[in-house]
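Participant: Using the working numbering, the first residue of the sequence shown is number 1, and each one after it goes up by one.
Treat the hints with care, as some may be off.
Unchecked claim - Once the Cα atoms are required to be at most 27 Å apart in a straight line, the calculated BS3-like pairs of lysine-lysine come out as:
(1) 64 x 46
(2) 64 x 48
(3) 48 x 59
(4) 59 x 46
(5) 54 x 64
Since the hints were made in silico from the structure, they are not lab data.
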Amino acid sequence: MKRLDRFVSLSLLGVLTVALVPVASAQGQFWGQIPEGAREELRECKEKETREEKRECAKAVFEKYDI
């Protein structure tokens, strides 16, 4: 019974891994469509002190460039 449990758990892990590969690879897909000016401003947003400041900065950039 131990082998069957191990096989089932590893099979489920494999299925989840295969299912999530497209999701993980799609994250950087649209970076080429973002204007260079927006990219620079987003990089500057990363240097802000708090998480809230970073979020507000990024939100302003998205609205400015209609992203």
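Participant: Each hint should be assessed against the structure and marked as holding or not.
Facilitator: Outcome of the hint check:
no.	hint	verdict
1	64 x 46	17 Å, holds
2	64 x 48	18 Å, holds
3	48 x 59	13 Å, holds
4	59 x 46	12 Å, holds
5	54 x 64	15 Å, holds
Every hint, counting from the list given before, is met by this structure.
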